[in-house]
Amino acid sequence: MSEPILIVQDLHKSFGEIKAVRGISLQVAQGELFGLLGPNGAGKTTTLSMLTGLLSPDRGRITMKGLDFRTHTNQLKARMGLVPQELALYPALSARQNLTFFGRIYGLKGRDLRRRVDEVLEMIGLTGRADDPVETYSGGMKRRVNIGAGLLHKPDILFLDEPTVGVDPQSRNAILESVEALNRAGVTVIYTTHYMEEAQRLCHRVAIVDEGQIIALDTPTALIRSLGGGLIVVGLADEAAETVTDRLRSLPAVQGVQRRDGKLHIRARHTQEALMGLLEVTNHLDLLITTLEILEPNLEAVFLNLTGRRLRE
Amino acid sequence: MIDQILALTWKDLKIFFKDRGGVALIFLQPFMFIVVMSYALGSMFEPGQDRIQLLAVNQDRGTQAATILAQLDDMEAFGVETTWEGQPLTVELAEKLIVEGKRNLALVFPPDFSDALEQDPAAVERHTTRVAAIVDPATSSQFVEPILGTLQGLIERTTYTAMVPKGLDYLFEWLAPQTPAGQREIFKAQAQEAISGGLLGGKEPVVTVERTVPAGMQVAKYPDSFQQNVPGYTIYGIFWIVSLLAGSVLQERREGTFRRLLAAPMQRAVMLTGKLLPYYLINLMQLAIMLGASHLLFGLSLGPSPAGLVAVSLAAAATATGLGVLVSALARTEAQVGGLTVLLLLTLSALGGCFVPRFIMPTWLQTIGLVTPHAWALDAYQDLLVRGYGLAQVLPKVGILVGFAALFFGIGVWRFRFDPVEG
Numbered sequence: 002m003s004e005p006i007l008i009v010q011d012l013h014k015s016f017g018e019i020k021a022v023r024g025i026s027l028q029v030a031q032g033e034l035f036g037l038l039g040p041n042g043a044g045k046t047t048t049l050s051m052l053t054g055l056l057s058p059d060r061g062r063i064t065m066k067g068l069d070f071r072t073h074t075n076q077l078k079a080r081m082g083l084v085p086q087e088l089a090l091y092p093a094l095s096a097r098q099n100l101t102f103f104g105r106i107y108g109l110k111g112r113d114l115r116r117r118v119d120e121v122l123e124m125i126g127l128t129g130r131a132d133d134p135v136e137t138y139s140g141g142m143k144r145r146v147n148i149g150a151g152l153l154h155k156p157d158i159l160f161l162d163e164p165t166v167g168v169d170p171q172s173r174n175a176i177l178e179s180v181e182a183l184n185r186a187g188v189t190v191i192y193t194t195h196y197m198e199e200a201q202r203l204c205h206r207v208a209i210v211d212e213g214q215i216i217a218l219d220t221p222t223a224l225i226r227s228l229g230g231g232l233i234v235v236g237l238a239d240e241a242a243e244t245v246t247d248r249l250r251s252l253p254a255v256q257g258v259q260r261r262d263g264k265l266h267i268r269a270r271h272t273q274e275a276l277m278g279l280l281e282v283t284n285h286l287d288l289l290i291t292t293l294e295i296l297e298p299n300l301e302a303v304f305l306n307l308t309g310r311r312l313r314e
Numbered sequence: 167m168i169d170q171i172l173a174l175t176w177k178d179l180k181i182f183f184k185d186r187g188g189v190a191l192i193f194l195q196p197f198m199f200i201v202v203m204s205y206a207l208g209s210m211f212e213p214g215q216d217r218i219q220l221l222a223v224n225q226d227r228g229t230q231a232a233t234i235l236a237q238l239d240d241m242e243a244f245g246v247e248t249t250w251e252g253q254p255l256t257v258e259l260a261e262k263l264i265v266e267g268k269r270n271l272a273l274v275f276p277p278d279f280s281d282a283l284e285q286d287p288a289a290v291e292r293h294t295t296r297v298a299a300i301v302d303p304a305t306s307s308q309f310v311e312p313i314l315g316t317l318q319g320l321i322e323r324t325t326y327t328a329m330v331p332k333g334l335d336y337l338f339e340w341l342a343p344q345t346p347a348g349q350r351e352i353f354k355a356q357a358q359e360a361i362s363g364g365l366l367g368g369k370e371p372v373v374t375v376e377r378t379v380p381a382g383m384q385v386a387k388y389p390d391s392f393q394q395n396v397p398g399y400t401i402y403g404i405f406w407i408v409s410l411l412a413g414s415v416l417q418e419r420r421e422g423t424f425r426r427l428l429a430a431p432m433q434r435a436v437m438l439t440g441k442l443l444p445y446y447l448i449n450l451m452q453l454a455i456m457l458g459a460s461h462l463l464f465g466l467s468l469g470p471s472p473a474g475l476v477a478v479s480l481a482a483a484a485t486a487t488g489l490g491v492l493v494s495a496l497a498r499t500e501a502q503v504g505g506l507t508v509l510l511l512l513t514l515s516a517l518g519g520c521f522v523p524r525f526i527m528p529t530w531l532q533t534i535g536l537v538t539p540h541a542w543a544l545d546a547y548q549d550l551l552v553r554g555y556g557l558a559q560v561l562p563k564v565g566i567l568v569g570f571a572a573l574f575f576g577i578g579v580w581r582f583r584f585d586p587v588e589g
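First to last, the protein sequences are chains A and B. Quick note, the first sequence lines up with residues 2 to 314 if you use our numbering. Quick note, the second sequence lines up with residues 167 to 589 if you use our numbering.
Simulated from the structure, these hints should not be mistaken for lab results. You may find that some hints are simply not true.
[Stated by the list, open to error] Result set (DSS-like, lysine-lysine): computed pairs, CA atoms no more than 27 angstroms apart in a straight line:
(1) Lys110/A <-> Lys180/B
(2) Lys110/A <-> Lys184/B
(3) Lys264/A <-> Lys155/A
(4) Lys66/A <-> Lys110/A
(5) Lys110/A <-> Lys155/A
(6) Lys180/B <-> Lys155/A
(7) Lys332/B <-> Lys354/B
Generate coordinates for the entire structure from the input sequences, incorporating the hints supplied.
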């Protein structure tokens with residue numbers, strides 16, 4: 002990994018009795034597209050809020066570009082961009098007026114500001130509608146302006162918080178393409194999502210977050226590879242059958258077996274062979290299968306295997 | 167920093183002026199109040215504009231009741247009606263008109279009214295009578311009592327005038343019975359003229375009542391209804407900025423624009439200043455438009471002190487914006503903003519005398535009114551517009567308004583949250 006642009010050490014944040022973030026540590030390399038993947042309420046947005054200075058951590062340290070965030074807050078904020086989950090725009094103003102306003106807030110002015118606004122409008126494909134009020138735009142167009150507003154000052158590191166929520170598939174694809182283009186242009190991107198397809202497609206590395214903690218962190222390929230050929234989730238009528246687990250583990254097609262919430266999670270080297278083995282074992286022991294689910298190897302299956310829950314529960 | 171404040175200010179002004187309905191409301195609402203209420207209450211301040219109509223049933227066999235009614239009718243404040251739709255008024259008809267709400271008050275002069283006034287002052291048995299005032303019970307005594315007082319005064323004057331001839335006859339018989347009849351008549355005529363207001367041969371009454379003002383006040387023009395209503399409704403109007411400001415803060419919180427701004431390299435104080443400044447400017451614009459338009463359209467006198475006017479306006483606008491910050495900090499939902507704004511603004515405006523002058527309120531309510539910034543702002547404007555005071559004399563009230571503003575800003579900023587989850 003090249004020089005880290007962002008180092009996060011043991012970050013904690015509580016709201017009253019609720020511990021939203023519990024000891025998150027990670028490093029992001031310069032030019033990396035890093036994903037924070039987890040279900041709603043996992044602590045992704047709270048983590049992002051601390052990384053962008055919206056919230057102060059209760060404990061922990063953030064270092065960006067070698068500088069402590071607490072002591073160089075405004076200096077570092079000037080080099081980062083935030084695209085919040087909400088459409089953080091002024092609906093009565095046009096895209097051009099919104100971008101001009103946010104540009105001025107970041108210190109741009111005069112001809113430089115006008116040129117940069119034109120560039121961003123071009124980049125988000127809204128030059129033709131630049132002077133219409135944002136409230137007249139489609140959801141996808143608003144999302145594009147939302148992203149554009151975070152790019153005006155050419156940040157070194159861009160934080161995108163679930164930027165595709167509530168967007169139609171076509172617009173979502175356009176947004177993902179523009180994120181990829183930005184990253185190719187050298188911008189480091191921290192991308193939070195609960196859509197595993199997006200994390201899988203975009204991210205160089207993914208941290209899977211659950212209940213305020215990182216439960217896995219690696220490249221999507223490595224995370225998926227850890228599942229082997231796929232995941233079989235089976236529910237049996239007799240939960241106490243310990244012998245089933247042992248016999249399944251002994252099958253060559255099975256990589257590992259875990260019992261979670263009354264179900265067996267079977268990581269298969271070869272899904273079809275493992276399934277045949279499962280049926281033989283249950284027949285032999287005269288056990289009734291109540292539920293059966295076969296998941297192809299992906300981040301959704303990784304999350305299910307790690308937590309026993311689905312990303313979108 | 168300055169550029170960031172200007173960017174924030176310019177942004178909010180742009181948004182404000184794009185909402186034409188909002189602009190119309192904030193400027194037109196108090197203006198319409200001023201126009202409607204000033205014309206509606208015009209007669210309270212300009213006698214003769216709209217006279218109080220009195221029904222009169224005259225059953226008097228003599229002429230004294232007719233004389234009194236003619237004198238009442240000559241007054242600017244009253245109009246006397248002795249007929250209704252061409253028919254002479256009777257007690258029954260007068261009562262019917264009051265029951266139907268067409269009139270509030272009827273005076274009934276009895277048949278022996280003149281007899282009572284013209285009786286011999288030396289008579290052993292006095293002849294008494296009474297004038298009935300039939301009044302709608304819903305009519306306030308503040309309306310009725312001055313009318314009855316005026317009537318009583320006229321009756322007494324007429325009584326003296328009517329009794330003079332017989333009284334003088336009695337005096338002549340008692341003190342100088344040998345006085346010739348011709349001289350007696352001349353003396354009686356002069357005495358009657360004197361009693362009825364023409365003493366010493368002049369046409370002016372001996373004693374007149376003159377309206378004047380306390381030392382130090384310079385009244386260029388006595389207040390008309392605009393002079394009274396413009397400051398009241400202008401103050402009422404500028405405090406509606408609370409609703410605009412709190413609504414805008416709530417919207418920025420809800421839509422996440424505050425979150426985006428918090429991630430920008432900007433101090434929170436700069437953000438707050440930039441957020442409040444446009445609303446302060448809108449307040450000042452409101453004041454300038456209300457007072458300026460009233461001056462140009464209705465001849466409102468702006469008083470002798472432009473500096474005083476500027477000082478009071480700056481302080482009043484700061485107080486209104488400060489209250490906006492306080493409501494923004496306390497209210498978490500649109501319903502709370504709406505409810506709190508209406509509750510605060512209507513209560514404070516009413517207590518502060520924006521709708522009804524405080525001097526007609528009960529004393530305890532007048533005292534409570536002093537805890538509202540509205541009362542002090544209104545009083546300061548009336549000092550300038552009506553009482554003719556200058557800057558030095560209104561400075562204590564400006565100070566109190568600045569105190570209110572500091573209190574509102576202090577609590578508001580302390581409790582202010584840009585983000586719902588801000589810690």
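Hints, one by one, checked against the model:
Our distance criterion of 27 angstroms between C-alpha atoms is met by Lys110/A and Lys180/B, whose separation comes to about 18 angstroms. Taking the CA atoms of Lys110/A and Lys184/B, the gap is about 23 angstroms. The hint holds against a cut of 27 angstroms. At most 27 angstroms may separate the alpha-carbon atoms for a hinted pair to count; Lys264/A and Lys155/A exceed this at roughly 49 angstroms. For a cut-off of 27 angstroms, the pair hint linking Lys66/A to Lys110/A stands: about 26 angstroms separates their Cα positions.
Of the pairs offered as hints, the one joining Lys110/A and Lys155/A holds, with about 14 angstroms between alpha carbons and a cut-off of 27 angstroms not exceeded. Of the supplied pair hints, the one linking Lys180/B and Lys155/A holds, its CA atoms being roughly 26 angstroms apart against a limit of 27 angstroms. Annotation: proposed proximity of Lys332/B to Lys354/B holds, straight-line Cα distance about 9 angstroms (limit 27 angstroms).
Of the numbered hints listed earlier, the single one contradicted by the structure is hint 3.
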